[in-house]
Each structure stands twice: as structure tokens, then as C-alpha cells.
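Residue numbers (my numbering), protein chains in the order written: chain A, 60 to 292; chain B, 60 to 292.
For the record, the hints were derived by calculation from the structure and aren't laboratory data.
Beta carbons are placed, not taken as given, at the ideal position from N, Cα and C, and that holds for glycine.
Hints are not guaranteed to be accurate.
[Stated by the list, open to error] Stretches of chain A that chain B covers, calculated by requiring three or more beta carbons in the stretch to come under 8 Å of a beta carbon on chain B:
| hint | region |
| --- | --- |
| 1 | 122-136 |
| 2 | 152-160 |
| 3 | 185-191 |
2 protein chains.
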Amino acid sequence: MRYELYYWPQIQGRGEFVRLALEEAGADYVDVARRRGMGAMTKMMEAHHTPPFAPPFLKAGKLVVGQTANILLYLGPRHGLAPKAEAGRLWLHQLQLTIADLVLEIHDTHHPLGPSLYYEDQRGPAKKRTAEFWKERVPKYLDYFERLLESGGGSWVMGRRVTCVDLSLFQIVAGLRYAFPKRMKAHERRIPGLVGLHDRVAARPNIRAYLESERRIPFNEEGIFRRYRELDV
Amino acid sequence: MRYELYYWPQIQGRGEFVRLALEEAGADYVDVARRRGMGAMTKMMEAHHTPPFAPPFLKAGKLVVGQTANILLYLGPRHGLAPKAEAGRLWLHQLQLTIADLVLEIHDTHHPLGPSLYYEDQRGPAKKRTAEFWKERVPKYLDYFERLLESGGGSWVMGRRVTCVDLSLFQIVAGLRYAFPKRMKAHERRIPGLVGLHDRVAARPNIRAYLESERRIPFNEEGIFRRYRELDV
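Let's have the full structure, built from the sequences with the hints guiding it.
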């Protein structure tokens, strides 16, 4: 079965967490809006009897699954990227949802007054929110995952097998490095486990091939991770 | 089995979405921090080998499940509040995650500069974010659920059986009424389906008994839904 991934064609965004899982799994998929244009995506959002609130969503045969973490909940056990037993699946999904919360907070750093206004109209509040984010929230989130890696004692969050959550944490580290190079550089000494995990993910054959391909959209200032010099002090 | 729910004892907050499900199900549970104090909750967060990032979390035998939507994913099929087949469960969870996104945006109306600062230190940005929220986001979210109710043609989002998502939508309507009485009053003519759903949930025997009991913590200005007069114009 060929999966169809529906997501904005010009950004990594939330879709990237799904792309990384599909790529690591070596799954057969088509990134629909990139290949066939936006019309195909808009049509799906309007027509289907289980319409997604927003991209990304994944079509798998007749099934249409929306919400990033939910898509990974579906894909994980099918592609060896999540345990099959319920307790393990729930634990992994819990971590994925915590990453989803972090992603929303990252987006809020440049959009504190809401997703519907331009960044240029909220620069002052963005500075304050970003300062608070790095002071209070980054340590809370990243220390949490750092401690999980330490206490697990393995290469990955759940021990010996790579999961969707590891791929997502790679993306968090890569994204924070892109958006806040100075702040992140100073912070990295505090999270050696996550930095190591980032490097191990990047070195996996399928992921490395993906990152070097044109399928990986470069970071840019329309996605979640945006580099605005005035926010990176 | 008696469930243990761990959540802040002084607010409805995110824990309320779990409380509503437990109450509707008539499940045996103890609201630990309210009955035994905060010490028991703090201890669980530090000690367990799958430590939750934040409350709420639910202890079910040996299992500890965190993240509101994940707890409902666990409870739903066990208590007749979610379908058992995978496609239905994924669809319901997708809706639950969309509600979780809305809840975060509601919280951001009074905390646009971040959850770690006081409301009093972000009143100006809160006004702007709230205006934007009611102009762009409330219509987008509530119209989405309104359309689902219309197209389903039943009493509930998934048709003939009440689910966790219906209980959560009750809480959204009740909370928006509490926090923004004027704005919500003006908005309600646009969402007759959701208003009807709210009333049907409130009239269910277990929910009605719960809402009249001391187990239902009143809305207040420490939770997600806060009534600040200057934000309700």
C-alpha cells in the first residue's frame, strides 16, 4: 500500500515528524501537495466524511488519519517504530504528545499573539515570549527528555529500539539549532544525551539519505522553527 | 480496580476532561491530590520509571498514563466512551487532539507571553491575543465541530453513542461561557448544535449528579477558563 501524506508543500512544519517516520521505515508514500499541488489537499479536507481540522493527514487505503501524534500512533507499530503492547504504546504516545506541546510553544515564540497575525505585527511580544521560553520552558522540556535518556541507559528513549519519538527529538534539536543558533549552542552542554541522540538519528542510513535528498525541505521562515536574529541573543 | 487520578486539587484544568469521563462511566476513582494532598502527586512524578511531564496522569493498576488525550484514549474503549475498532478510535482521538489544541489556545488568551509569567504582567498582549482568538480561532474550531454534528445527524459527534469527545465539548462550551459570557452569548446563535450537545451532556444522570456535587470544582481564575472582565468585550 502506498501512503498519501497531505501537508503544506513549502515547509517542514508538523508534517516533518511524519515524513521522518515514513523515511526511516522505508515506507512507500507520496507527499501529495508537493507532487500534485495544493488542489488535491484542499479537496480532501472538504470532501471526506472524517474531515481533518488541519494538515498533516495521512491516507492509508480507505483510512484518513489526522493530527501528527495520531498519525504516528497509527504508523509506529506497523513499521517497527513503536512497541506493539499497549503499555509501551501508551507511554510512547504520551511522550509524542509532550513533544507536540513543545512544538506549539516553539511556534508561540514567534506568534505569541496568535497564528493568524504576521510575525512583523508581534515582534515585541515575540521577544518577551522567546526570552521566557528559553529561561523556563526549554530547560523543563529538554531536561525531561535528557533524564529519560539517562535513566533508560540505552541509545534511544525506549532503550534498544529506535522509535518515532527519537526521530521527533532529532527534529527538535535540529530545529532549535536552526532557529536559535546562539541560544542553542550555549544550551547544548546541558543536554549531551539529546545531542548524541540527534547524531545517531542523522547517521541512520534511511534518514541520512533523506536529509541529503530534495525531499527534505530546508528550514525557512514560514515553518515552526524560524530564524529571526532579534530573537536569538 | 480503583483508578487514581492525579491532578492539581484547586482547578478543573485539563484534569476535568478526565474527571468527566470517569464520572460519566461511573468508574471507581480517587482524585488523589484532593483527598490525600499534593505530596502524593509530587512523589509519583519523581519516582516512577515512566514519569509524567505534567499532571494530569492516571494510575490504573501498575500502569501510569499521562497526557489528557492519552488518558482518554486508554479509558474510552474500556468504558463504552469510544469505539473499539481501530478506525473509529483513531478518528475519535484525532478529534480529542484537536480539542487539546483548542485548550492550549484558550490558555494562551490570558498567557500569550508564556505559562511561567503572571497574567498581570501580560494584560496588553492578552487583550490582543483574545481579540484575535475570538475573531479567527473560535469560529474555525467551533464551526468545525458544529459541522461534524450536523453532518453526523445524531445526538453525538460519532452518532448514537456518547463519547469522551462529547463530554469534552460540553466542557469547552461551559468554559467559554464562564470565561467570556458576553462574547459567547453573541456567538452561540452560530453553534446551535454544540449548545444542544452541551445541554444533553449536562442532563445525563451521572454528569448531572457530578456537576451538583462538591467533586466538581467551580471555575476560577487559576484554571484554563478565566473570567477577566477586560478580555470580554
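So, going through the hints one by one against the coordinates:
no., hint, in the structure
1, 122-136, "holds (count 8)"
2, 152-160, "holds (count 6)"
3, 185-191, "holds (count 3)"
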